[in-house]
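For reference, the chains in residue letters:
There are 2 protein chains.
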Amino acid sequence: MPQKVRIALDAMGGDFGASVVIPGAAISLRRHPDTEFLLFGDRAQIEAQLARYPAMQAASRVVHTDVAVGMHEKPSQALRRGRKTSSMWLAIDAVKKGEAGVAISAGNTGALVAMARFCLRMLPGIDRPALAAIWPTMRGDSVVLDLGATIGGDARHLTALAVMGSAMASVLFGLERPTVGLLNIGVEEMKGHEEIREAAELLRAMNLPQLDYIGFVEGDGIGRGAADVIVTEGFSGNIALKAAEGTARQLAEYLRGAMARTLRSRIGYLFAKKAFQALRDKMDPGKSNGSVLLGLNGIVVKSHGGTDAEGFAYAVDGGYEMVRYDLLTKINQMLNRDGSALASAQTAQEAVS
Amino acid sequence: MPQKVRIALDAMGGDFGASVVIPGAAISLRRHPDTEFLLFGDRAQIEAQLARYPAMQAASRVVHTDVAVGMHEKPSQALRRGRKTSSMWLAIDAVKKGEAGVAISAGNTGALVAMARFCLRMLPGIDRPALAAIWPTMRGDSVVLDLGATIGGDARHLTALAVMGSAMASVLFGLERPTVGLLNIGVEEMKGHEEIREAAELLRAMNLPQLDYIGFVEGDGIGRGAADVIVTEGFSGNIALKAAEGTARQLAEYLRGAMARTLRSRIGYLFAKKAFQALRDKMDPGKSNGSVLLGLNGIVVKSHGGTDAEGFAYAVDGGYEMVRYDLLTKINQMLNRDGSALASAQTAQEAVS
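For the protein sequence lines, the chains are A and B, in the order given.
The opening position of the first sequence corresponds to residue 5 in this note's numbering, with each subsequent residue numbered one higher.
The opening position of the second sequence corresponds to residue 5 in this note's numbering, with each subsequent residue numbered one higher.
Take these hints with a grain of salt, some might be off.
Unchecked claim - Each computed DMTMM-like pair below joins lysine to aspartate or glutamate, with the alpha-carbon atoms no more than 20 Å apart:
(1) B:K78 x A:E205
(2) B:K334 x B:E198
(3) B:K277 x A:E257
(4) B:K78 x A:E202
(5) A:K277 x B:E257
(6) B:K100 x B:E40
(7) A:K78 x B:E198
(8) B:K277 x B:E257
It is worth saying that the hints were derived from the structure and are not from the lab.
Kindly generate the complete structure, drawing on both the sequences and the hints.
Printed below as a string of structure tokens:
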């Protein structure tokens with residue numbers, strides 16, 4: 005029998021804390037009964053929730069702490085106040101100590117990135133962590149990063165994102181040599197910020213065996229599935245993700261409105277109910293909830309702060325799979341294949357510039 | 005009888021040139037019979053199309069030129085080769101000479117921005133033009149800018165965008181004091197690039213009578229209609245717009261697929277056909293085609309390069325309305341209200357920094 009998957013949860017994270025985290029984890033547990041949970045946070049609140057989910061209760065161990073990171077705390081403030089004591093820190097620390105395979109939090113992104121970086125440290129050759137998510141496209145799924153772990157970045161940072169993203173795509177989608185595109189505002193060579201053009205030159209010059217750099221991709225290329233991996237710095241990545249989510253939510257709203265309007269359309273709705281359900285599922289940004297922090301000596305998954313239990317369950321599913329497929333070891337192997345891809349990025353950049 | 009609206013068209017612009025521009029303009033002419041067209045480009049190609057649309061032919065005058073700007077030419081190259089001779093330049097120049105109220109092109113954005121700037125010159129106090137579009141939201145329409153006229157920009161540039169965008173929203177939506185939000189990756193004060201935080205301070209400090217600055221808006225706030233005007237520099241604006249368009253196209257595709265799948269859903273589709281049509285219209289990025297170049301001594305409308313005749317017609321409709329409602333004069337009045345808003349931006353910035 006394979007080992008159980010152990011997941012550390014920041015039970016206080018997100019807009020609703022334990023009242024979403026526990027019911028969400030309970031949903032995921034039904035799908036993956038071989039999960040065990042470490043729950044960090046206020047014991048009273050956690051146990052009140054656990055009482056409603058006996059299977060979840062049986063699979064969980066609670067570690068009490070009074071300290072929770074606020075959703076609007078500055079990262080520096082959160083670190084000062086919550087290092088070694090907050091539910092967020094303790095969940096991450098459980099990964100460091102090997103007590104859990106992954107930490108999951110719906111808390112403050114900035115604080116989570118800062119704590120993960122501080123507690124777990126970066127992988128060799130990687131300067132900054134990146135938030136990567138699986139983006140459903142017309143051609144299947146793509147990995148998109150950075151979705152806002154940090155903002156800005158030079159050509160070398162973009163190259164590191166390309167290497168990490170393609171490692172993730174290789175592992176999750178079983179691809180030998182994923183295609184990689186750089187997000188830009190045009191596909192022509194002369195467009196966009198200088199660092200993006202430089203990164204393009206670098207990726208071409210390096211011609212890495214583990215990824216196939218295909219050029220620039222515009223915003224609408226993400227949904228079209230123009231590349232297996234879409235690389236951008238965290239500001240525009242976050243804007244792209246949220247603009248797409250907002251549009252999906254807006255269209256789901258239109259759909260509801262259009263179907264409710266007339267008797268004929270209501271009858272139509274009854275006939276087509278299942279098809280609609282499938283469509284709604286595809287339109288629901290919550291279904292792809294959960295982005296993973298790459299570049300660290302350990303796996304941390306970030307859930308949307310405002311998600312419901314259903315949405316949080318998807319983030320837990322994601323974390324489960326990362327551990328089950330041993331994502332981190334495989335990413336490390338990728339990063340080290342053919343010596344060090346990122347060390348060669350350094351050399352290639354010196355050659356290019 | 006009011007004066008006719010005169011529109012100058014770059015008949016060679018876009019991926020399909022005259023074969024989309026003329027049929028598109030003909031559709032718009034049916035909706036606005038008080039339009040006259042000046043058509044710039046290859047006479048043979050233009051007249052071959054006009055022969056198919058007698059009403060359009062009667063409302064048009066053709067000005068021949070051999071020179072057309074290529075879709076992938078660099079702006080500098082386009083200017084060198086096409087200044088004073090290309091169909092794009094001549095259409096813009098017709099606005100400068102007062103022969104037309106607006107120039108419309110589906111050509112190369114970079115070249116269009118460069119030529120418009122060179123030919124028409126900037127309004128006093130404005131350094132760089134901006135591409136603004138009307139974005140359909142859950143709460144009505146919003147103005148979003150800059151969608152990629154230029155990239156990057158300091159706090160003063162963002163403030164100028166806020167002033168121009170709110171002038172456009174006032175005129176088009178009839179609002180006394182439109183709400184303005186700055187696009188950012190979080191709503192907390194400490195998030196995002198420094199220039200965005202600075203612009204926020206500036207807008208608060210200026211407390212302009214013509215706009216109501218409400219704070220940061222995230223990517224998903226655009227579709228939610230969080231503000232009447234959403235301000236961002238051109239790189240992230242372009243990424244946001246295209247990510248949203250890509251998502252809309254993707255979901256329209258899912259909808260088609262979901263409805264075709266089973267007999268029951270096909271029957272449902274027949275019953276709900278009209279509701280679907282309405283939904284498809286809302287999902288169609290082409291329906292909001294046409295962004296306007298703000299900040300110039302004249303109106304220039306940019307259509308998507310890859311649009312069809314239906315889409316181009318929406319860009320022409322947009323241009324028609326800008327002239328009919330005398331957008332430019334009204335924007336100028338807004339910019340000059342209470343002395344010069346932008347001169348006071350300069351002063352406020354010095355005070356803040």
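Going through the hints against the structure:
With a C-alpha separation of about 19 Å, the suggested pairing of B:K78 with A:E205 holds against the 20 Å cut-off. Of the pairs offered as hints, the one joining B:K334 and B:E198 is violated, with about 32 Å between alpha carbons and a cut-off of 20 Å exceeded. Only pairs whose Cα atoms come within 20 Å are accepted, and B:K277 paired with A:E257 is accepted, the gap being roughly 18 Å. Restraint check for B:K78 and A:E202: the C-alpha separation of about 18 Å stays at or below 20 Å, so the hint holds.
Of the pairs offered as hints, the one joining A:K277 and B:E257 holds, with about 18 Å between alpha carbons and a cut-off of 20 Å not exceeded. About 17 Å separates the Cα atoms of B:K100 and B:E40, which keeps this hinted pair within 20 Å; it holds. For the hint linking A:K78 to B:E198, the alpha-carbon distance of about 15 Å falls within 20 Å, and the restraint holds. Distance check on the hinted pair: B:K277 and B:E257 sit about 16 Å apart at the alpha-carbon level, within 20 Å; holds.
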